[in-house]
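Protein chains: 4
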Amino acid sequence: MLVVMQSHATEAQIDVVLDAIRAMQLTPHPMPGATRTAIGITGNIGMVDSRTLEVLPGVMELIRVTKPFKLAGREMHEADTFVRLPETTIGPGTFTLIAGPCSVENETMIERTAEFLVGHGVKLMRAGAFKPRSSPYSFQGLGLEGLDILARVRRKTGIGIVTELMDTDNADAVEEAADIIQIGTRNMQNFSLLKRVGKARKPVLLKRGMSATLEEWLMAAEYVMAGGNYNVILCERGVRTFSDHSRNTLDLSVIPPAKKLSHLPIVVDPSHGTGKRDYVPPMALAALAAGADGLLLEVHPDPDKAHSDGAQSLSFAGFEALLESLKRLAGPLERRIN
Amino acid sequence: MLVVMQSHATEAQIDVVLDAIRAMQLTPHPMPGATRTAIGITGNIGMVDSRTLEVLPGVMELIRVTKPFKLAGREMHEADTFVRLPETTIGPGTFTLIAGPCSVENETMIERTAEFLVGHGVKLMRAGAFKPRSSPYSFQGLGLEGLDILARVRRKTGIGIVTELMDTDNADAVEEAADIIQIGTRNMQNFSLLKRVGKARKPVLLKRGMSATLEEWLMAAEYVMAGGNYNVILCERGVRTFSDHSRNTLDLSVIPPAKKLSHLPIVVDPSHGTGKRDYVPPMALAALAAGADGLLLEVHPDPDKAHSDGAQSLSFAGFEALLESLKRLAGPLERRIN
Amino acid sequence: MLVVMQSHATEAQIDVVLDAIRAMQLTPHPMPGATRTAIGITGNIGMVDSRTLEVLPGVMELIRVTKPFKLAGREMHEADTFVRLPETTIGPGTFTLIAGPCSVENETMIERTAEFLVGHGVKLMRAGAFKPRSSPYSFQGLGLEGLDILARVRRKTGIGIVTELMDTDNADAVEEAADIIQIGTRNMQNFSLLKRVGKARKPVLLKRGMSATLEEWLMAAEYVMAGGNYNVILCERGVRTFSDHSRNTLDLSVIPPAKKLSHLPIVVDPSHGTGKRDYVPPMALAALAAGADGLLLEVHPDPDKAHSDGAQSLSFAGFEALLESLKRLAGPLERRIN
Amino acid sequence: MLVVMQSHATEAQIDVVLDAIRAMQLTPHPMPGATRTAIGITGNIGMVDSRTLEVLPGVMELIRVTKPFKLAGREMHEADTFVRLPETTIGPGTFTLIAGPCSVENETMIERTAEFLVGHGVKLMRAGAFKPRSSPYSFQGLGLEGLDILARVRRKTGIGIVTELMDTDNADAVEEAADIIQIGTRNMQNFSLLKRVGKARKPVLLKRGMSATLEEWLMAAEYVMAGGNYNVILCERGVRTFSDHSRNTLDLSVIPPAKKLSHLPIVVDPSHGTGKRDYVPPMALAALAAGADGLLLEVHPDPDKAHSDGAQSLSFAGFEALLESLKRLAGPLERRIN
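Protein chains in written order, with this note's numbering: chain A, 616 to 953; chain B, 616 to 953; chain C, 616 to 953; chain D, 616 to 953.
Don't take each hint at face value.
Given that identical chains are not distinguished, each listed pair holds provided it fits within a single copy or across any two copies.
As the list claims (entries may be wrong) - Quick list of in silico lysine-lysine cross-link-like pairs, DSSO-like style, CA-CA up to 30 Å:
1) 771 with 682
2) 920 with 682
3) 685 with 875
4) 891 with 814
5) 875 with 810
6) 891 with 685
7) 682 with 875
8) 891 with 682
9) 771 with 810
10) 685 with 771
11) 771 with 875
12) 685 with 920
13) 682 with 942
14) 942 with 810
15) 920 with 814
16) 682 with 738
17) 817 with 920
18) 685 with 942
19) 875 with 920
20) 738 with 817
21) 942 with 814
If you are wondering where the hints come from, they were derived from the structure by calculation, not from laboratory data.
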């Protein structure tokens, strides 16, 4: 933490700030400069609300120095995290495909999709039983019935299930059915939900909030990890900017900084990120090249008849073509598609 | 809905689109133009996922025309909504102050604040028992104990209570204690929570999401109203932009369009919107001038010792000065402070 | 400047950073903390490109402390700047209206507008002879002929002229014709143009860039002032965000921080800021209440026939109604409309 | 163009709109729907300012349908554009590297860099003689002397030169020295400059504005092309968003839509896009995978001593490592590095 004084701050004002810092059980380090004094602070800053220093007379600015996350950060935990599942392992060196329809529409289409994916070596299927929809009048998912379908198809085909949890009420049921519990964009800072999945025995796929900074995203991961669940997978799915050339702005540039600051694996969702199936393959390849650990992809047996998000879903043929391209690229990048 | 064809789309491609529209039980209106054909669509469009038209060959773009909200929009409900409470009424013509500390810290400070506010004619007090904090290590609020304190102070002083609900688990308790249930920014699209408060017997103050468009915000209100609770108050509290001159970018410019599109009252929170107490009074006055129906203000008996958000809280003296200014401005604007 | 070391940085890495700082003729102040070392830097930091410190081994982050502007900032120049013109003075205590059509269309409409404005006590008229248009096929302004019209109407009516300069080629002509030289949004960081108007004998109205931070905006003012022209008026005209409820997002929240950091006057352009004439009056009143020093307003004798931006122009009747409202508000705010 | 009427618009209001459309020499196509009437418009819409329709009574919204660009768009010019230079050709199938220091610092370092690049098969060198700097106190480039250095090194080594033009005053000199004229981010909508390079005999590399939509970017290209210069290369260099994990937000997601809407080649600048040399290689590889036609890269013989942007410059060794990775990836993507 650094307190920057105004250039015309008086000695008395500086003394008040020094005293306030000491009253917080912290150590001030005054640095008189040519035009102004800055005051470094050391000690356990996380425990106090230091913003109050900002409004003391003569203070120009307060600059936070230490990152607020401990468990999610690489500083305290340098080695990469590998999320180990019965079906596969997610983390550096591999590139994990999680594919499937936006929502569980009926058992037949889920089974067909699972069999198709298993036939292509895909270990994890995504499909939503609970669907967050911006309109209350849109299809909201099959709910518990959808979870039952997923459970049956899982038993039949052996594919792992990634499915979204929207509220604490359905937490037990989703935890039971899922191999990975998905937390959606709009719930990235639903702290009650984060606390609940912090107690879950299943890994959590945490989508980045629509306008979340990397730090806020890692703090959301910290909420889950602080509850004891260290198996968190970050998922970039496009952010909200001024840009209107695609549904969201898929931010692949977050991958290198995320890898630098955190040891958690990160996957990319180019389907929601672009909103248009034509744009999915180039962004999927770019995600692999940029260093992501996998993809979340919408694939549907008949995209033009999908209950939701058909426009951004790949057909089976589209998925096969993309898979070929990914495999060609994986070798030179020293990665293994799984 | 309007389908815009590419300039070199063939007749056959246009026919495929016309058939697809008819298959959705909608009526196509082709309009051949100089460079391209556009196809208007009429009928009950809300029931189908028309984005699939976008990926048909020859289609350039799909343009949605009708607004998706019905209950929250002014088109179906032209008259302004007035939210009637035991203590006061919120809506055009008046300007309602909702003031108080960020969080319930203890009974003494809540009581002192309530008495101060009542003494100045303020009818509603804000204070959080449940606090959404971006760090799991920050003070999370007193929880149910905080609600008890609010209930006791409400009985003693007669002040109405505005307090946040963060999850469905605590919905009954908050609904019991509050005169207005607050839904926070980070939960604006927590659809399970919106459905729950749609069943509540208390009005809902719905904060705008950090990067929510006006349409998304009104769709969140629509979720609440679709459940049967028509008493929704919108609250602008700053959005997330590139700007870094204040904590958030307080978007007063949303007030006139919100008033145009919706009949719901709208209040402004300049405390969170700016994050700095010096900036609160000018933004509060500007909100009144821009046509808002009230303010949500952080006031604390001793802001520099607040458990949270002290830097943006007004002291009692600061609040009194602002109240004077608001009163001077209210007359010429034909509004009554309450 | 503050260098934050990684928590596991070695002593040797810290020494390399200390040496690098000394090699820049600056003084390092190491502050060993519980988890990491931070190094404060004092000295004339503005002269060196300190970003290279950021890539030294063991460095986590580089944090700039001092603001880069000197002339535009309030720290070196505490008193408010008043821009004195033959016709009026712009600065705190007054509220200056600058009104007129988007572009000079012909002499008749300019003369009619000038007479209308003079009749209502307005001292400054805006009108563009050179128009920056996003399409090369749109009306680009009358150019030098437009300047001649403005000069004639200025002589006839005595109204001061505010008009845009788009390039150095026309700088002499615009400087001659204008009382205030306007620099448009898209040219806020056209540094060649800023240097040119830094040599002009006329005040400069500097519009904020579409995505300029307050600091970048003040640095653009610094460019002008560094050339010797201290008469700079800031103009907020809406920024680019994700919001789509109006043409731009008019950022009134920048006014208090701009007033805090800088001594320069600031005016607001609600016409471009909102893009819709219905939204102009509430935003104009809010600008006054928020502490702006004036307005830039589009007014047109027949807005629905305007060559450009008619949708956001007030009619004469619309302007008169707004003027009445502004006058009613100015008294309680201790401001004088001029 | 589509005019959407309010649901309660009267027949008389609709008639007024129909007449207004006909008065613009356009053809209205009314489409009465269940809740409202929409009116399609065909004809030469580009010639009229149709925004005035938006403010007629009963009109809810005006929706533009046709894209405003003609020359830059793929609709009128389906085949990809290849920009042919003496040294190489830029366009699909190849992947062109344009590398070099941020600014021309002296002849030695330019010559060293050119020889290094030529030795690795690179055909084009970037280096700025005129530097747009956000502070007037920063190094502003060597100016004409810098151009002379570039010209001499070009003759000696045969490398092509890409260098920035900041104003019309220096247009002749830059046009003479450069193989490609660079237009910087801050000048993307400097229309006077765009018109000038529209007359130039050299190709133009047009950087995307800091908050430019794809449409605005293509309209800027349209300005250049409308002047007769069809050799425009788009350059994505990061946009301004709320994100703070890197200097800008490098928007690779714009590549597929740019390729879809336009026939112009597009290159990516990961150096400015990320601002940090560690992040450059993954983003460079991702740009190749996403379908870009080349890169603009900062390379410096001694990055830590660079006059500007050293933190984002690759060393020679860093460049060689990246080149190896790019070559390994180019094959599977059916591209040839040049």
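Treating 30 Å as the Cα threshold, decide for residue 875 and residue 810: within, between, both or neither. within (25 Å within a copy, 40 Å between copies)
At 30 Å max between alpha carbons, let me know whether residue 682 reaches residue 875 within a copy, between copies, both or neither. both (13 Å within a copy, 28 Å between copies)
Identical-chain pair category, residue 685 with residue 771, by Cα at 30 Å: This pair counts as neither: shortest intra-copy Cα distance 41 Å, inter-copy 44 Å.
What label fits residue 738 with residue 817 when the C-alpha limit is 30 Å: within, between, both, or neither? within (16 Å within a copy, 47 Å between copies)
With 30 Å as the alpha-carbon cut-off, assign the pair residue 682 and residue 738 to within, between, both or neither. neither (35 Å within a copy, 41 Å between copies)
Using 30 Å as the alpha-carbon threshold, which applies to residue 942 and residue 814: within, between, both, or neither? Neither way: residue 942 and residue 814 sit 37 Å apart in one copy and 46 Å across, limit 30 Å.
For the identical chains here, do residue 771 and residue 810 meet the 30 Å Cα criterion within one copy, between copies, both, or neither? Result: close neither inside a copy nor across copies, 32 Å intra and 35 Å inter.
Can you tell me if residue 817 and residue 920 fall within 30 Å by alpha carbon in one copy, between copies, both or neither? neither (32 Å within a copy, 41 Å between copies)
Homo-oligomer pair classification [residue 920, residue 685; C-alpha up to 30 Å]: between (46 Å within a copy, 26 Å between copies)
Between copies, within a copy, both or neither: which fits residue 891 and residue 682 at Cα up to 30 Å? between (36 Å within a copy, 19 Å between copies)
Measure nothing new, just compare the shortest in-copy and cross-copy C-alpha distances for residue 685 and residue 942 to 30 Å and report within, between, both or neither. neither (36 Å within a copy, 39 Å between copies)
Intra- versus inter-subunit Cα pairing at 30 Å for residue 771 with residue 875: Close neither inside one copy (40 Å) nor across copies (42 Å); limit 30 Å.
Hints 1, 4, 9, 10, 11, 13, 14, 15, 16, 17, 18, 21, counting from the list given before, are not met by this structure.
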